[in-house]
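> Here the protein sequences come in this chain order: W and L. Going by the numbering used here, the residue at position 281 of the first sequence is 309; the numbering climbs one at a time, nothing skipped. Going by the numbering used here, the residue at position 400 of the second sequence is 428; the numbering climbs one at a time, nothing skipped.
Warning: the hint list may mix true and false statements.
It does not matter which identical chain is used: a pair holds within one copy or between any two.
Unchecked claim - With a straight-line Cα cutoff of 20 Å, these simulated PhoX-like cross-link-like pairs (lysine-lysine) come out:
id : residue 1 : residue 2
1  : Lys-502   : Lys-423
2  : Lys-496   : Lys-52
3  : Lys-135   : Lys-279
4  : Lys-279   : Lys-575
5  : Lys-575   : Lys-240
6  : Lys-398   : Lys-479
7  : Lys-575   : Lys-266
8  : Lys-399   : Lys-432
9  : Lys-266   : Lys-240
10 : Lys-372   : Lys-385
11 : Lys-399   : Lys-347
In short, the hints are calculated from the structure, not lab data.
There are 2 protein chains.
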Amino acid sequence: MSMKTDIEIAREANKIHIRDVAAKLDIPEAELRQYGHDKAKLSQDFINSIQSKPDGKLVLVTAISPTPAGEGKTTTSVGLNDGLNRIGKKSVVCLREPSLGPCFGMKGGAAGGGKAQVIPMEDINLHFTGDFHAISAAHNLLSALIDNHINWGNELGIDVRRIAWRRVVDMNDRALRHIVASMGGLGNGYPRETGFDITVASEIMAIFCLAKDFDDLQVRLGNIIVGYTRDKAAIRAKDLNADGAMTVLLKDAFMPNLVQTLENNPAFIHGGPFANIAHGCNSVIATKTALKLADYVVTEAGFGADLGAEKFFDIKCRKAGLSPEAVVIVATVRALKMHGGVAKDALSTENVDAVKKGAENLVRHIGNVKKFGVPVVVGINHFIADTEAEIDAVKAIASEQGVKAITCKHWALGSEGTADLATEVVRVIEGENAQFAPLYPDDMPLLDKVKTIATSLYGASDVAADSKVRSQLKEWEAAGFGHLPVCIAKTQYSFSTDAKLMGAPTGHVIPVREVRLSAGAEFVVVVCGEIMTMPGLPRVPAANHIKLDTQGQIEGLF
Amino acid sequence: MSMKTDIEIAREANKIHIRDVAAKLDIPEAELRQYGHDKAKLSQDFINSIQSKPDGKLVLVTAISPTPAGEGKTTTSVGLNDGLNRIGKKSVVCLREPSLGPCFGMKGGAAGGGKAQVIPMEDINLHFTGDFHAISAAHNLLSALIDNHINWGNELGIDVRRIAWRRVVDMNDRALRHIVASMGGLGNGYPRETGFDITVASEIMAIFCLAKDFDDLQVRLGNIIVGYTRDKAAIRAKDLNADGAMTVLLKDAFMPNLVQTLENNPAFIHGGPFANIAHGCNSVIATKTALKLADYVVTEAGFGADLGAEKFFDIKCRKAGLSPEAVVIVATVRALKMHGGVAKDALSTENVDAVKKGAENLVRHIGNVKKFGVPVVVGINHFIADTEAEIDAVKAIASEQGVKAITCKHWALGSEGTADLATEVVRVIEGENAQFAPLYPDDMPLLDKVKTIATSLYGASDVAADSKVRSQLKEWEAAGFGHLPVCIAKTQYSFSTDAKLMGAPTGHVIPVREVRLSAGAEFVVVVCGEIMTMPGLPRVPAANHIKLDTQGQIEGLF
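Go ahead and model the full structure; you've got the sequences and the hints to work with.
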C-alpha cells in the first residue's frame, strides 16, 4: 500500500490532455472551452446538439451518517467510476465543486484521495474555472441593486427591515456574518443590518445547480425573493430588473467542467450547493449532459443518505426528471464502530460487536433508500486495520436486508479495488428494475412533507413547529408555494437533531426552528437546529502554512 | 464610415485561434494556458525561458487632460499596434484589464472602439481569465486573517482602531463603503468600523502590476501594512503569515493574458490598478514579457499625461528598469475645443480659435513628457466633424513645440488609419535618441517629490500640507520609506485640484489632504482632493438592460 500523500499521488499522475479525455466521450475538440491543458467547459451548442441521444444509467453514491472516522463518499464515487471503466463500461463521474474559503481554514481538499482522485486537484480546490466567483458576482450584483434602488428613492417600497437577501464571499470570514451597512452619511444610503454568507450558501448556487437551461436559469433568478414591502408583498429580483444581468454573469460558468480521474477517466465537476440550506448535489446540467455522453453516470450527494440522498431524490431527481437506477451506500468499518459506541482513538482494535451495533445506522439508510424504489449496494470503503470478521459482519447484515456489501480498495489500488463494486452495480441495474419515485407528492401540505420525511426516514415520532412557523407555511401555501419540495437543514451526524445521537435513534421529535422560502431555487428550507452559513477560521488557519515551494508548486494546501 | 456599434464590429471580426496569435510571437502552443479558443495565459516556464532575449522598443500612449468629449487613449493604443504591424513591424499592445463592477453602472466597456478593438470584448469586460477575482480573494483572505487573529486573542496586539486594511469586491456597491463589522455577539469577533473598496483600488492590484516575479510578489504582499499596534508599530501581512497563501491565490492570475485585436495582432491585457490611488498601468510582467517577444510594445497609462505618464515614468519605469523610447499624446479636436471653453453641445461647429486656446493643455503635456527625456508624437484621434482648419491648427501648434501631430483614423479605418502614426513613431525612435530619466531622484524627501511634480508638471506655485501630513511623511522617512516614489491622487480633469479649471492653469496651490503608505506596492499615495475608492450605481443602472438575447449573445453591456 502506498504511503504517499494525496497530493504526491496526484502529481505523479499520468495526466492526459483534456481533449483526449473528451475524445473518450466523443466530444469534438472544437466544442471544448479549454482552461489550460487539463480542464475544459463544454459549449452550450454541443450540449444542445446531443439532446436526442438516449440517457445512460444514473448511480448515486451516498453514505451512512458521517462520523469523525470518515466514510469516503467522493473517493468511492471516483473509484466506482474508474471501476466501471475498468470493466469496460463507458462511465462518467459527476461531482460538486469544492469551496475556496474553507481551504484556508483546515488543511483539506475535496477531490477524492489516495488512488481515487480527480485532477488537477490544486486547481479544482482553488479558483478552478471561476464558477464560484461568477456566482458570487451575480449574487452581489443583486445585493448592490437592492441598496441602490432604496438609495435612489425606493420606488418599489422595499421595507429595509424585511430585506432577505444578504451578500456572499467565498472566504471563511466570521467578521462579515453580521454587519451594519450603508454607514457614513448621505452618499452611502440608508444604514441597515445585514451580513455575508459563504458563496456555497447562496440561493444562486442552488438555482445554478437546478436550472435546466439559460431560460430556466433566468426565470429562477428573477423569482428570487429579495425582501418584502411594509405590507409583506414579495419583491423579486425581476422587479429590480436584475435577472438578465445576473444570467449574463453566469453565462460561462453554466457550462459543465470536464476534468479527469487519476486513471484518465472523465469527470464532470460542476456546482456545489451547501448540503444543509440547499440540496447538496452537482448541477443538473452536468448530470444530464453526462447521461447523454456515457452509459453510466456516477454521482454523489452531500452528507449521509438521510439528507443527501433524500434531497437528491426529492428535489433534484423530482424536478429534473431523473431516474436513478442504483444507489451505493458507502460505509466504513471504523465509522460503524463509532456508531456502535467506540471512541475515535480505539477504532483500530477489532470490535465485531460494535460493528454490529453501529450497523443499525447502515440498516436504516438501506431501508430509507429502498423507499424511493431504487436498488442498493453497500460499498465498504476498506481501511488497513479492518479485520475479516468485521467485514464479514457488515456483509452479513447487508445480506439480511437483501443487499450485497462489497469491499472496495480504491484508495490503495484504484480501479483494481472497485472492479467488484462496479460489477455488482451493473448486475443490480441490469437485474433489478428500479422504480424510482419521490417520497411524497407535490401537492402534500408543506408541514406534512416534513413530517413524512421525519417519520419515514429519521425514525422520529413527530415534528414540532410553533404557530409562527405553521402560519408562515400556510401563507406560502396560499401564495402558491405549497407544491415545492422541502429542504431539511439539520445536523448530518444523526437521524435526530442531536448530533451526539448516533446509530439509529427512534421516537425523537424534530423541532422546526425556522423556515425560509427559496423561491428561485424552488424549495422551502426547513431549519431544524443551528445552521452556519458563514464559517470562521480556526486559531491556526491552514493559510499560515500555504505557499509556493521553490519549484512553484503549492505547499500546505493538502 | 461604419455606423455599426462597437459590439457589432467586434462580433463580425475574423477572429483567429489564440494559438495562431501566439505563433506570431513564436510562442509554442504547449506554453499557452488556453481559456477557450480566444484567450490564453503564458506559462511562467516560457516567460523564464525568454529572459536572455533582447528587449523591443517601448512606446507609451498617453493623452491630454480628459474631457467629456473623450480622447480615445485605448483605441489609439490598439490602432497604433495595428498600424505598426501593418507597416511590417512586430508589435504587441499591452493594456489594462477593465473592472467588472462599473459595467453594471454605465453602459461602457474598455476594449477600444470602432475598428480598433481588442476581442473577445464581452469576456474581457466580464470575468476574463479570473484575474480580478483572484486578487479579490487574496485581498479578502488577508482581511479575514486580521479579524481572525484578533478574535483568537490578538497576540500581535493589533489596535482595532488602527486597522488600515479594508475588504474589496468588484462591484459598485455604495452600501459597503462604510460598515460596522463583527456585530452579533461573541462568536463573530470584536465589532469595529471598516468598509469595502472596489477591487481595482486594492493595494494587491498595484503590487500584482509592479511585481517582477513570484518571489518579488510574495515579498511585497508580505510587506503590506495592515494596521498598527497601540504604540504605532506597523503590523504587516507577513506577521500574520498571510503572504504565502495570498501568493498561491495569485499563482495563475500572475501569468499574462494574450488576446488579439480586430486585425489579429497580439495584445496582452493584464492587471488594472486604479489610476488615482495607484499607478494606473498594466502589469510589469506583461510589459516585460512583451518586450522580449516583439520589436515594438505599445502601452497606455490611465488618465491624462500629468497623472498617467508621470506615474508610468516615475513609478513603473523607475522600479521595473524600463526605458520608453517614444510617447504618443492623444488629443482630439473636440477635447481641445472643450479646453478652449466650448460647451459640449457646440463641439460639432468649427472653432479654430477655441482649438488654439485649448491647445495650451496639449502644449503643457508635450513639455512635461519631454522633461522625462522621451520624444513625443501627437496623435490626433480623428472625429467626423473635425475640419481641415482645426486639424491644421493642432499640427501648427505641435510643430512649434518641435513635434509632429499625425491624424489617426483607426476608429473608422483600422490600421489603414494609423499607418502614418506608426511610421512617425518608428522614425522618432530611430532618429531621436530617447534619454529616459525619472523626474526626481529616489533620495529626495517625500514632500519635495510632490512639490517637484506640482511645480514642474502641474504649473502650480506650491504645495500645501498641514503639520499632520508633514509629520506623517517625516515618520515614514525615519522608518525607511523616504526612498519611495509618490503616487498623486487628484482629479484627472485639470492640472490643478479643481476639476473645472481646464486648459493649462498656473500659479495654483496643490493641497495635500491625506497621505497613505502602500508599503507592498512601494509608493506613498498623496491624496489631493476627494478620491472615491468604491463607486456607486446610478439611478438607472446599465444592469437593468443587460441580458442574453435569443441567440445567447450579451445585450446591453455596450
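> With reference to the structure, classify each hint as holding or not holding.
Comparing the hints with the structure gives:
1. Lys-502 / Lys-423: Classified as neither: same-chain Cα gap 46 Å, cross-chain 77 Å, threshold 20 Å.
2. Lys-496 / Lys-52: neither (55 Å within a copy, 68 Å between copies)
3. Lys-135 / Lys-279: between (32 Å within a copy, 19 Å between copies)
4. Lys-279 / Lys-575: Classified as between; 10 Å across copies, 32 Å inside a copy.
5. Lys-575 / Lys-240: between (39 Å within a copy, 18 Å between copies)
6. Lys-398 / Lys-479: within (19 Å within a copy, 80 Å between copies)
7. Lys-575 / Lys-266: between (43 Å within a copy, 12 Å between copies)
8. Lys-399 / Lys-432: Only inside one copy: Lys-399 and Lys-432 sit 17 Å apart there, 84 Å across copies, limit 20 Å.
9. Lys-266 / Lys-240: within (19 Å within a copy, 46 Å between copies)
10. Lys-372 / Lys-385: This pair counts as within: shortest intra-copy Cα distance 16 Å, inter-copy 84 Å.
11. Lys-399 / Lys-347: within (18 Å within a copy, 69 Å between copies)
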